[in-house]
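Listed in order, the protein sequences are those of chains A and B. For the first sequence, my numbering assigns the number 1 to the initial residue and increments by one for each residue that follows. For the second sequence, my numbering assigns the number 549 to the initial residue and increments by one for each residue that follows.
Calculated from the structure, these hints are not laboratory results. Honestly, I wouldn't trust all of these hints.
[As the list claims (entries may be wrong)] Output of the computed footprint for chain B on chain A, the stretches with three or more beta carbons under 8 Å from beta carbons of chain B:
#, segment
1, 188-198
2, 310-324
3, 392-404
4, 454-464
5, 468-476
6, 498-506
Idealized CB from N, CA, C, for every residue including glycine.
There are 2 protein chains.
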Amino acid sequence: MQSLATPPENTLVKALLTDYYQITMAYAYWRSKKHNSRASFDLFFRKSPFQGEFTIFCGLEDSLRFLAHFGFSDEDIQYLKTVMGDTTDPGFFEYLRHVDASDVTVHAIPEGSVVFPKVPLIRVEGPLAVVQLIETTLLTLVNFASLVATNAARFRLAAGPKARMLEFGLRRAQGPDGGLTASKYCYIGGFDATSNVMAGKLHDIPIAGTHAHSFVSSFRGMEEIPDRSLAYADKSDTCKDFGQLVKEKLSQLQSAWIDSPAAVHLETNLDELGAFTAYAIAFPSKFLALVDTYDTLRSGVPNFIAVALALCDLGYAPHGIRLDSGDLAYQSIESRKYISWTAERFKCEKLNSALIVASNDINEDTLNSLAQHGHRIDSFGVGTHLVTCQAQPALGAVYKIVELDGNPCMKLSADVEKVTIPGKKDGYRLHGRDGAPICDVLLREGEKAPVVGEAFLCRHPFQEQKRAHVRPQKVTPLYKTYWDKGEAACELPTIHELKQRVTEQVAELRQDHKRRLNPTPYKVSVSSDLYTYIHELWLQHAPIGELS
Amino acid sequence: MQSLATPPENTLVKALLTDYYQITMAYAYWRSKKHNSRASFDLFFRKSPFQGEFTIFCGLEDSLRFLAHFGFSDEDIQYLKTVMGDTTDPGFFEYLRHVDASDVTVHAIPEGSVVFPKVPLIRVEGPLAVVQLIETTLLTLVNFASLVATNAARFRLAAGPKARMLEFGLRRAQGPDGGLTASKYCYIGGFDATSNVMAGKLHDIPIAGTHAHSFVSSFRGMEEIPDRSLAYADKSDTCKDFGQLVKEKLSQLQSAWIDSPAAVHLETNLDELGAFTAYAIAFPSKFLALVDTYDTLRSGVPNFIAVALALCDLGYAPHGIRLDSGDLAYQSIESRKYISWTAERFKCEKLNSALIVASNDINEDTLNSLAQHGHRIDSFGVGTHLVTCQAQPALGAVYKIVELDGNPCMKLSADVEKVTIPGKKDGYRLHGRDGAPICDVLLREGEKAPVVGEAFLCRHPFQEQKRAHVRPQKVTPLYKTYWDKGEAACELPTIHELKQRVTEQVAELRQDHKRRLNPTPYKVSVSSDLYTYIHELWLQHAPIGELS
């Protein structure tokens, strides 16, 4: 279980990380003595990202940690005084000095759940001014975390369950913390490791990485390596000149190469061979070579094989190669052929364990296309498209007032998609015979929950004629209480448990909701009571138009 | 002048905020005793973002601050030991413990400059392992800062110099720091203010904001306001019931409204009127009303006018309205008509100073389209599209080795766009008769600089036939030394000076390079000497293909 005692790791996640209008509204509420009115807000989104029909909810623990440490420092208040000016009543700043989340309650769907439009992810209750003041920070913490976790889950679906997925995005991320947030939530969403060392240290995520082109470019042959000795894997002996052994392997390979699937005379770049040898001496049991600096199939792959054969002689198993340009499907197929052929020709079974990693501008489309072309890639390194969510770089979650001092609040809009569902609500997920979720249903607070095996009338919230009886085989309450008037009220999972939850939740979802092309929308409905409540309020509040 | 003595404000910007392969490469260099080889790297990008032909360079001060505090803590090293395992030579960790930027030199183009593809923004020299270790963090700090500043500059160009531009993006940003970075660099790139209070406090950026729909929804008439007294602007007296005054103004407005351009019977929402009144009592000299909660033209704008007339009676000048939905051009034109008509009818000249602010999913296209429709908007609030750079969420700057121990390094590629320009280089910007830049030219280090009035042969770096004599009227050296072996070597501008520099640099650029549709590419060229050097090296290193 995670504790909320430590403050947010990003020291900038504080009360002032908000929109100024939250402060000015708080003042106007305070001035009108409405600041302690009891308010309920719903945090939800209106459309799943990436033209998909599901979203992974993340950012809850970050939000709770922010709440647990919520408050304004003297320095903050000093700054606000200078901004708001002399006309502001000094009593307001005295009020702000003592604001905290001790009178706030948070109900939420568990983090890592698959979630759908219109269903509140977080329901916040508390004094109007306080629950208004936290709006922007909660949205900032939930929006990107959920977006990037969803993106990672989609990449995982496209690559299949066996591929090892590596997140390499830090350098292209939207700022240092954009990178760190992405690394964390990509892991939760379905990736196996990150290149981001800070994320590894802070979040206990496996880290991965080998070398860059600059490493290969910086070697001039293996004579540059002053100490070329390398111990055997079992420490039984030391090879005095591993470089010499590599050269011998290359020479044997050259004699044989015309019989290989390449069927050409072999002439590899010897600077590259030097770089690979140096890297193998440094990491004999984790030797993974970037093979495209000069020419992937004519130089990089055979050089890798020469070094790998030498490593095998010393009892090590070579890790593999990384492809970073060109036609990845073709190159992976050819590379695998060369590796298999060499393993057989040189009677070196260990060589077959070498993995093929591919990177270079990979997105969901690339993954689908590679699959169609029968690629032989074992692992994908993904950067820009994953961490910046290039296909849709923002999730539009909103935070709307639904009740004030027991009275429902409803935002109307000419656009029915923007109408909010008023009042405090409960929510349930109804599952069918095969265990897969059929629909989510929202009820007025206190209504009787749906019961397993009994017909429950589910209604479209805004379209009268759309309704259906559902006889659920399983009923899951959507909300738990996570924060109850100043106290953590629920156990929080570790990052690894969250990752596991995402995997299970995505697996449980029906295939047609997950597919990339024209997925079936998942149904979100309301109870009959809630339906009637919405529509009575709507008629009460909507002005009757005047045609002219 | 800014000092580098304070560490980066984001406590996560540290040596471990890097890709793991930087560490593994550093180890392999160290193992091969190459770690102190003298290396030069260029940081540059290959294509300007947003289908444009210019980029604003930002992130230099953040990079220098990172460098000034660069190093690994004991805790960092402990973590790396657990990750790298027992086979790693302990001497490497001893080496890492003392690594810093004291032997590193940084030349760069001044921050806030307009910059172009292929021209190094930052040139780093130092020990190979050290300058390799800083790669990822420099890219993270430069990529997003430059991208979002460029985006802001483009929004500013589209909106024109007079519009007041407000950045409202925090809630949709890519993480808390993504939001903070965006707020800072949008201000530098051309925006006037941000809603982000933390950005205001940390960076001395003006902050802006009024109230949300929830504020309006949370009022039930003005009877809810317990104290409706309001002092006159000159403090000469106090209006005992400002709410009553507002009601009288609304009543007068109702009698007159049929003669207004609206030409209908006036019936506004009184809950909204209550909310506006409460807000005006809190902020009488900064009264700006969000007018679209119920109905912009039938309720919000007339309610605003009623409150504004009452404020004028007390000697205040109302600030204005915010439109947040619907047809912004039409609504701004109509709102302006109503305001002008009332100002004249009620002999209240101050009302005319009310500004019209518009928000709601604004991007470059919207700004251009609004201009075509003759909008009357004075100020734009921009969020998602601005801060997440929705049109292109990543800049692809790279960091490539160009020289090692005096020998040039050149990355070859089948894609000529990816070939790097080898060796240490100087750079100059050549200006024409009207002062506008004509082209940038890169020279080999130590070559004689172009001279005002003398013809200089500028060559395309990769296409033999493209060359031209340029007779510059002004020659600006591109690079300054910012960090010289452990010491800050150049004054750093304040954020306001940076903003000023961006404005001047964009203004100086020829219009055809800046236009949105099919802008003219700006020429980046090399000297004859550098051209020859590139192409001799290319022939030396490129393998001769084998057709089969």
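Hint-by-hint comparison with the structure:
1. 188-198: holds (count 4)
2. 310-324: It is violated, with 0 qualifying residues against the three required.
3. 392-404: Held - the segment 392-404 of chain A has 7 residues with a Cβ nearer than 8 Å to chain B, which meets the minimum of three.
4. 454-464: violated (count 0)
5. 468-476: Check failed, 0 qualifying residues.
6. 498-506: Since 0 is below three, the answer is violated.
Checked against the numbered hints above, the structure breaks hints 2, 4, 5, 6 and satisfies the rest.
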